[in-house]
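Q: Please build the complete structure, drawing on both the sequences and the hints.
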Amino acid sequence: SHRRAPPRTRCPAKMKWVQAAISLSMVASAAAFTTTSSSRWVTSRGAATAERRSPTTQRRSTITAMGRKFENNKMKMAKTAAAYNKKASYIGKKILQCVKEKGPDADSNRQLGLLMKEASKLGVTKDVVNRNIKAGSDPNTADFKELTYEAYGVGGVGFIINCLSDNVNRAAADVNAAINKVGFSVAASGSVLFNFEKKARLCLTTEIDEDSMIEVAMEADVDDCELEAPNEDKGDDPEKVKSVVYVGATELGAMVAALDEAGYECTSSLVYVPMATVECSAEDLELNLAGLDKLEEIGDCDTVDHNMLIV
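Residue numbers for the sequence shown follow our numbering, beginning at 1182 and rising by one.
No lab work stands behind these hints: they were computed from the structure.
Nothing here was measured: the structure is a model prediction, and the numbers come from that model.
Every residue, glycine too, gets a C-beta built ideally from N, C-alpha and C.
Any given hint could turn out to be false.
To be verified - Computed cross-link-like contacts, BS3-like style, restricted to lysine-lysine with a CA-CA straight-line distance of at most 30 Å:
1. K1415 with K1298
2. K1421 with K1307
3. K1283 with K1267
Said to hold, decoys possible - Ranges of calculated distance between the beta carbons of each label pair, as one might list FRET restraints:
4. L1490 with L1374: 13 to 21 Å
5. S1301 with E1327: 18 to 26 Å
6. K1283 with E1413: 33 to 41 Å
A: Structure representation (structure tokens):
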């Protein structure tokens, strides 16, 4: 028979010490786990918050930038549309006046034929062209006159307001009122004009390089010509205007004919080009640009030229 081993005797004091040590170890582990978990939770919560805030901030800045870009594009489109409407209105008035002076037959009236071609390039409808030809054939229709007004803006900037109106008194009153309203001053006749040179501005629907332009100019016996990029501030539609050529005012007809013969379609206008530009402060620039917009809103005003440096 097997004997059972005698039961082990336990020391009460030693058992109490072991239990106390185990309890202390468990408390320490629990405290460490709680601290670590809390710090991890705080850290992860901070990271999550940062992650949540970062896209929002980015979205807000992106939306702000997109909104500003949209507003700028909308303003440019509105300015381009306004410039087109002014140009179309000017062509209509020129057709009317041309008919009054030289008759409604485009074959014998070469200038009328050129104006009709110009109207077609601008997209002016035949109905508008025919209506102006009919009005020009009526002896009771008032004559249109080309009028030029001069003004000084802020910081010594000069402005030339070009009008084509059938009512001189109305045009003068409207221009003077607009000049005073925007804080400009009326200039004496010739005091601003002497700083400018009258030139023809041709807007080409296809791009032309400088060598090709010079070749066309030589064919037309045009001595002075200059090539520039389209300018949206001057009403150039980037989808329609690819190149801009400047020639002397008296060489407009010859250059247009030479460009047409070379396969370049263009529209043209007479403008005043500054011989020197005026640099003004940011504040003055803003005031002058605001005044320019108001002057261009005048009903009889067709174009406004200035010598302001715009960077």
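Q: Are the hints correct? Go through all of them and say.
A: How the hints compare with the structure:
no.	hint	result
1	K1415 with K1298	holds (22 Å)
2	K1421 with K1307	holds (20 Å)
3	K1283 with K1267	holds (24 Å)
4	L1490 with L1374: 13 to 21 Å	holds (19 Å)
5	S1301 with E1327: 18 to 26 Å	holds (23 Å)
6	K1283 with E1413: 33 to 41 Å	holds (35 Å)
Every hint from the earlier list agrees with this structure, and none is contradicted.
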